[in-house]
Every structure is written in structure tokens, then in C-alpha cells.
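Enquirer: Take a look at the letters that make up each chain.
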Amino acid sequence: MASGTGGVAYLNPEDGANFDGSANALKDTNFIFGSQGATRLDIVPLLAWKMLGMNVEPVFGIKGRGDGRLMFERGEANIDYQTSSSYIGGSMAMVNDGKAVPMMTWGALDADGNIVRDPTFPDIATFKEVCEATDGCETSGETWDAWKAFFISGFPVQKLAFLPGDTPQDVVDTYTAAFNEVIARADFAEISAKRVGEYPVFVGPDAQKALETAISVSDDAKAYIVNWLAEDYGVTLK
Amino acid sequence: MEIFANALPALGEAWGLILQPMVLGYLVLGVVMGLAVGVFPGLGGIAGLSLLLPFMFGMDPILGLALMIGMVAVVPTSDTFASVLMGIPGSSASQATVLDGFPMAKNGQAARALSAAFASSLFGGLVGAAFLTVFILVARPIVLEFGLPEMLMVTILGLSMVAVLAGRFALKGLAAAGLGLMIGTIGEADAGGSLRMASYDIPYLTDGLKLVIVGLGIFAIPEIVSLLRQDRSIAKGAELGGGWLDGVRDWFANIWLSVRCSIIGVVVGIIPGLGGSVVDWIAYGHSVQTTKDKSNFGKGEVRGVIGPESSNNAKEGGGLVPTLLFGIPGSGSMAIFIGVVALLGSGEIEVGPAMLKDNLDITYSIVWLLALANVVGTILCIALSGGIARMTTIRFTYLAPFLFMLISFAAFQSGQNFEDLLALFVIGLIGIFLRRFDWSRPAFLIGFVLSNPVEQFTNQAFQIASFRFRKSFEEGIDYIFSPIVIILIIITVVSVVLGLRQAKNIMAEGDVQSGTKRAPMVFLLIIAGYLLVALINANMIPDYNMTDKIIPMVIGSFALGCCLILLVQMIRRPERDAIFADKEVAGEDADAPYGLWSTLAWFGSLIVGTFFVGFIIALLGFLITFLRVRAGAGWGKTLILTACGIAFMCLMAGVLNRDFPPGLLQHYVPLPWPLGGE
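Top line first, the protein sequences correspond to chains A and B. The first sequence begins at 820 in this note's numbering and counts up by one. The second sequence begins at -16 in this note's numbering and counts up by one.
Take the hints with a grain of salt, since some may be wrong.
Stated by the list, open to error - Pairs of lysine-lysine, BS3-like flavour, derived with a Cα cap of 30 Å:
no.	chain 1	residue 1	chain 2	residue 2
1	B	K340	A	K1013
2	A	K1041	A	K846
3	B	K193	B	K282
4	B	K454	A	K882
To be verified - A partial selection of chain A residues facing chain B, derived with a Cβ cut-off under 10 Å:
no.	residue
5	I851
6	E876
7	P877
8	G880
9	G883
10	G885
11	M890
12	G894
13	E895
14	S905
15	G909
16	A912
17	G1053
Stated by the list, open to error - FRET-style restraints, in silico, Cβ to Cβ:
no.	chain 1	residue 1	chain 2	residue 2	range
18	B	L405	A	A997	37 to 47 Å
19	A	A1005	B	P525	52 to 62 Å
20	A	D931	B	W(-2)	51 to 61 Å
21	A	E1009	B	V121	30 to 40 Å
22	A	D931	B	P525	41 to 51 Å
23	B	L654	A	Q988	23 to 33 Å
24	B	S588	A	E1009	56 to 66 Å
25	B	L34	A	R859	23 to 33 Å
26	B	D184	A	E1050	27 to 37 Å
27	B	W(-2)	A	I1010	24 to 34 Å
28	A	A930	B	P525	42 to 52 Å
Simulated from the structure, these hints should not be mistaken for lab results. Ideal Cβ positions, reconstructed from N, Cα and C, are used throughout, including at glycine.
Let the sequences and hints guide you as you build the complete structure.
Expert: In C-alpha cells, the structure reads:
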């Protein structure tokens, strides 16, 4: 079984007022972001903001994205992002109260591997659109490929169910059948949209295919990321 | 104000939901299951909750909540048994209870200590719920006032309790706390991922040491070994004085202390990110500071039991606030709790800001189910306490092998690694020597527990503060010195000054005689040596990872400084000075019929045996040999007791679906459970 999620980045209302669909007016603002660490899922937003030319300083060492949201709510951080389920559960209320302004989603993948609007948040622009509108940000080339590679392994194929390698086939089949039954429930779409957002669920061979796209990152993209982490954050990977 | 107008009807609806026979029945069921799991040291709510998880989907929400809350609520109550009767801190919530609860048991006052603790727990839980009923409505903005500088100050307030618990030599207490802090930094740093005193060649160390293991090693092992050496019962003379009614009377006589500590518990519990680990120490410190005659603390003062126990159940209620209002779990069991609430409501109940608007009745049901579960759990515990207290009159040699069995199993549950047992043994050794040379063990534990929050909050607050200072000086100052921070600083300074003045009266290890220079100095040099190595190790972290380096460097230098001053003092003072406190010179340990090393070797043999043949087979050999050789029991008694021990272990592990540590044998020959693993 494999399923995905998306992510939404948002700003505080003050800086959000300067956001016009491009990050041009945000380049002189200093942002602070509660981060779990540059080598975690936060690699996707950190790189995206950097590509937009924004000056985002991460405060490392928080325990989860919930702590990051709390930091944003307390006004200690002024930029944040959440995966779709936490955005629906926690951050949407802030947006509705005017305490936060959504900036962009990371988007979703269509069947051909293109980045399109996130089906859960069709009204929010994707990073790709914002990047295109921003001076100096390019949606092709080495940097973009690296970002896209890590986005794909981080979000559209994020939730995977694994069984131990030596599990007998009949057990695997039972699990596959069970997942199929769950998806076939009449109220599945409704419940899952409320919890995790509207994302496809792959079962069986499709899940295997999804896994492969998630773990195949080109050597160029890898080299770029390793270099960037070492330069900006002093992190070395072995 | 609108929200208050909605509150009363919601409260009424909540009681309507709770007061149904079915709901109450499920609550009692949950409490009984929680009790069965909770008396096990180290197996808390997480183990129990995961057991319930499969039954939750599609269950009526209120019934599921009752079952689950019954189980969670009773854990901080039931782990008091282990703290008082055996000196084992069952969970982080009952560390401070050990300090006076266990000495009371040694004085034959076990039943009194237990019932005083339970009465306080019950009362604390109710005060907490009452406070929350009103407070939860206005909690959100107040919780948001607690930024990083504020959390750092609360952590420092917790750390300042070291002053009260430092013992006769403040420097020794400070060095012990520093050592605890340093041991807490072992492993991968949160911020930059640098390794401190660890290497990827030993993956076990990169995760750092777990609280269960350090708690058991520092408190339980030294006490078990000491009692076993003396070959007597826990209660001196095997007599029980003071029934459970006395304990309830003690609590009633100190009811205002109980009220104050309950409020401390709720308020500190509410702050997300701190968890419960500081609460009981702050409550203990408060109990000491408000008691006129402090001479009995550490030797069996009932107020030292009432304070922490009042706060730790109230804390559970406080902990609901970040969980329910912000969707941020304060602990592992709360994380499962959030997951289960999602399953229960089939999407109707959403933990988070909406809880107050859309589900206030459910929120109130949770608050009061928690309080009610406390009541049921406490009554059951008090009813049991008279009987269980009799355990303290049994000859300890018959209890010890089973305690070794239990703590080994508990330690293994923390990481499912053989190294857990080794770590337990090593920390146990440190604990034994801290106890022997009268270095404050509570100070060490406070240091360890608060190591991670101190480091994390310092780094993050510093980073954000410097960001604000770059904007403007005023903004920076406003951020660091908010009114809450200033109030906390004042409280901390007052409690340190008062604490240092009182510390000399509080002898957690009793009156320890002094002896020659050699042994205490060797121990000091070993500690100083470790600190020095840790400092050099931290210094090797490159400067761009300053966040991973600064705290170990500062704390390590400070602790090493304390050690050096102590060393100078030791060289200059004559032998028999109080600085050379040594339990092996005179007193219970010195007069014990058995030596330290031969006694410790029994525990060591269980671990070595486990390494070769796995836990259950090693345990079989250990129990038989121990009971025959050390306890001198006949074959009949030996076999019956061994069979009971093994059967009990298998039953608990089987029900909870746990594995036992496998050994080399299991590596080569696959064996069925419980002999093998998988």
C-alpha cells in the first residue's frame, strides 16, 4: 500500500501582505522557521525558499511539525509549512481567523510526472507557479531537478506500508485484500479527505511502482543536495 | 464571553454522557487493565494503549474514551507501588516519591506511605479536573504566551531544585547534576546531528540513554543490592506500623500542601514540550521549602510523599490541554491517544483548535472521565495497599531475584536491545557509588532528565533572540525578558537561596559516616576523568555546529570545575572529614554479611547468561542457583518459586505481545517463543 500527501507553506499576515503570487517582494525580509533538521523532510521547503531568493533562517532541533506550528502561532517563527493532514487539522483555522496567509503548495504529480495543483487545495498556487513568477527562480536545470527529486520522495509517495521481506505470499495477499476493502468502503473518500486530504492510494504492484519512483534519485540531484547541505548548514552525509 | 455561556450546557451534556452504566463499566474495565500493566515498572500507558488499539475502530466514541482514559489515568497512581515498596521509580511521574516513600517503607510504614500517596493522587486528580473545567476555556492564549525563553526558565526552575537536594556538600550536588546533564547529552545532538561520546560503530549509544534505564540504575539497583547484602526484609525488623487510615489522616492534615502541589501540577502540565518530568521535582522542592522541620526529609517524611503525588495526577489533566487544543502530544501515550480519538469519531472528532468550538461536551467528558478514573483507581489501590505492604516484611533474599528479573525485563522494553541490559548494569554501578560516597542521586537524575530540554530551549531561544536583536534592541529585550520570564527568574533565585540554606538539613542518604581519603578520591578522579574526556570529545565538534557543542562545553567545564575544587578540598582536609563520606566505613552497608561485588555478581550473571542463552533460559538457571545457593531454600521451594517467576514473566510478555532478549544460542538455533525471539 502506498499513498501520498502534500504540503502547504504559509506566512504571517504582515509578510503575507507582500506576497503577490511571486516572492519578489519577500526577498528583503528575514524569515525564521522552526525546523526538524535540514536532512529531514524540511529539505523540500528549505530548498524551495532558497530558490525563491528568500532569506529563511531555520531554528533546528524541534521534535515535530506540530512544534513548528506552535512556534509560528506564538509569533516566534514567521514562516511555516505543514503536510496536508496537519494543515487541514491545525493551520486552516489560523488562515480562517486571518492569522496566517497560505503561500504555496508543493503541488501534486499527474500521470505523466508533471507538477500540477494539489487536488486537496486547488485554490492555492504551487511552488512551480510561484517560482515561474519570481525573478531569478527557474523551473528547469540542476537545482529544479534536485528539488523535484526530493519532493517526489518526500510527498506524493510518503505513506507506505511495508511487511518483512520473508513474509509468506498468502499473508501479503491478505494485507493487499484488506487494503483494497478499506479503499472500497463507501465512505472512504469522505473520511480520508477529512483526515489526510484527497490523494490516490496504490495497492499491490502499483504500490511497488510508486516506491520505485520515490527512491530513485539521480546522481546529479544527490550531488547537488549534498553540496548544498554542506555549504549552508555544515551537514556532511556519509 | 460567548464561550462561557456555552460551557455550562456542555458540562451538563458531558455528565449526561459519563453517567451511564455502560460508560462507567468500561471505565472500571480500563482502570483494572491499567492497574495490571502499571504495577510493572517501565511498562506504562503505551504498552496498555497499544493493546486496546485494535478494538477501537468503530466503537462508540464515549465508550472507547472511557476504556482508554481509565487505562491512562491509573498509571501514575499504580506506579507508586514500585516507588514506595521497592524504591523503583516506576515512571518519570514518581521519581520524587521514591525519596521519602521508600524510607517510610523501610521504617515499616509502607501502608501509611501508600495510602497517603493515593489520597494525594486522588485529590490532585480532582483539583486538576476542577481547575481545567474553567481554565480550558481561556487556556489557548495563555499557552501561547509560553515561548521558548519561558520554557527555558521553567526548565531552569526545575534544575534549581538541585540546590535543595544537593546534600551536605553543595559542590558534590552540583557536580552530580552536571554529570547527569553530561550523560544526558550522550548520542546524536538534536540540532545538528553531531555525535557526543558516541560512535556509529555502537549504534545503541547514538540514540542516547533512556530515562527508564537511568532511573532504574540510579535508584533501584543500589537499593536492591544494599538490601540484599544485609539479608533482611525491607521493613526493619519485619514489622508493620501505621495502617492505611494513618496515611489518609496524614494527607488531610497537609491538605493545603496538596492543593498547592495540585495547582503546580496542572499549570506545569499545560506547557507543551516540557512533559511531566519536572513537575514532581518542583512539587518536592516546594514541599521541602514550606515545611518547618526539615530534618526528616530523605528519611521518611510524609510531606515528601504527599507533594509529588498530588502534582503528578493533576499533571495528567494539564497535559490534556496541549493534546486536545493544539493536537500536540505531550508524551508517547498521548500520541496514541490522539490517534485513537481519530479512529473513534470516524472523522467527527478532530483533535485540535476545533475541540472547544465543536466538541466541548466531548472535551469535558475527557476531563471528568480522567478525574473519575482517578477516583476508581485510587479506591482500588488503597484497598490493595494494606495487603501489598506486607511484602515489605518478606526476607529480601526471596524478593531480590524477582526484582532483578523485573528490572531487566523493564529495561529491555525501552530499546529491545541487549545493550539495554548492559547500560542498566553500568548506570547501576554509577548509582551504587554515588550512593556510597553520598553524592546526591536525585541531583544526578534531575540533571539527566532536564539535559535535553535545557539544551534544546537554550539553543532555540538564543537563535530567535539574536534574530530579534538584529531587528532592534528593544524587540530582543522584550522577547527575552517577558513578564513571565521575570517572575520565573525571581521564583528561581528565591528557591535557590532558600534551598542552599536548607540543603544541609536534608540528607537523602541518611547520616553517612566518613572514613579514609583513598576511596572517595578515586571515585572523584574517575568522575573528573569522564568529564574531561567528554569535554575533549565535545571540543572536537566543528565550530559550525556550535549548537551541538556549546551546552556540553559549558556544563562540562562547570562540573569539572566543581570536581577540581572538591579535589583541592579533599587534599587539604584531614581524614574523617565529612567530605570523605563513605557508606562502607560504618552503618548498614559496612555491617552487611555479604560483600558488594559478590552480590552484584549475581545480577551480572543474569546478564552474562542472557548474552549466551537468551533471557528465559538464563533466568531459569539464575533463579534456581540463586534460591538454592544464596537463599538456601530447599529444592521444593526453589522449583515452585522458579516456576512461578517464569510463568509470570511469560504471562505478562505474552499478553502484551513482548519479546525477551535473545542470546547467542538463539542466533544459531531458532527456538520457539518464549525461549527464542521473533
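Enquirer: Does A:G883 pass the interface check with chain B, least Cβ-Cβ distance below 10 Å?
Expert: 8 Å, holds
Enquirer: Going by Cβ atoms only, is A:I851 closer than 10 Å to chain B?
Expert: 5 Å, holds
Enquirer: Per the hint of 23 to 33 Å, is the separation of the Cβ atoms of B:L654 and A:Q988 within bounds?
Expert: Given about 26 Å between the Cβ atoms, the range holds.
Enquirer: Confirm or reject the claim that A:A930 and B:P525 have a C-beta distance inside 42 to 52 Å.
Expert: Distance hint for A:A930, B:P525 holds at roughly 46 Å.
Enquirer: Verify the proposed pairing of A:K1041 with A:K846, using a straight-line Cα cut of 30 Å.
Expert: 27 Å, holds
Enquirer: Quick one, are B:K193 and B:K282 close enough, alpha carbons at most 30 Å?
Expert: Judged against 30 Å, a Cα distance of about 28 Å means the pair holds.
Enquirer: Looking only at beta-carbon atoms, does the pair B:S588, A:E1009 fall within the given range of 56 to 66 Å?
Expert: 60 Å, holds
Enquirer: Cβ-Cβ distance between A:D931 and B:W(-2): within 51 to 61 Å?
Expert: About 58 Å separates the Cβ atoms of A:D931 and B:W(-2), which means 51 to 61 Å holds.
Enquirer: Does the beta carbon distance between A:D931 and B:P525 stay inside 41 to 51 Å, or does it fall outside?
Expert: 44 Å, holds
Enquirer: Regarding the hint that A:S905 lies at the interface with chain B, is the smallest CB-CB distance below 10 Å?
Expert: 8 Å, holds
Enquirer: Just to be careful: measuring from the Cβ of A:A912 to every Cβ in chain B, is the smallest value less than 10 Å?
Expert: With a closest approach of 5 Å, the A:A912 hint holds.
Enquirer: Have a go at the A:G1053 hint: is there a Cβ in chain B nearer than 10 Å to its own Cβ?
Expert: Holds, because the Cβ-Cβ distance from A:G1053 to chain B comes to roughly 4 Å (cut-off 10 Å).
Hint compliance for this structure: every hint is met.
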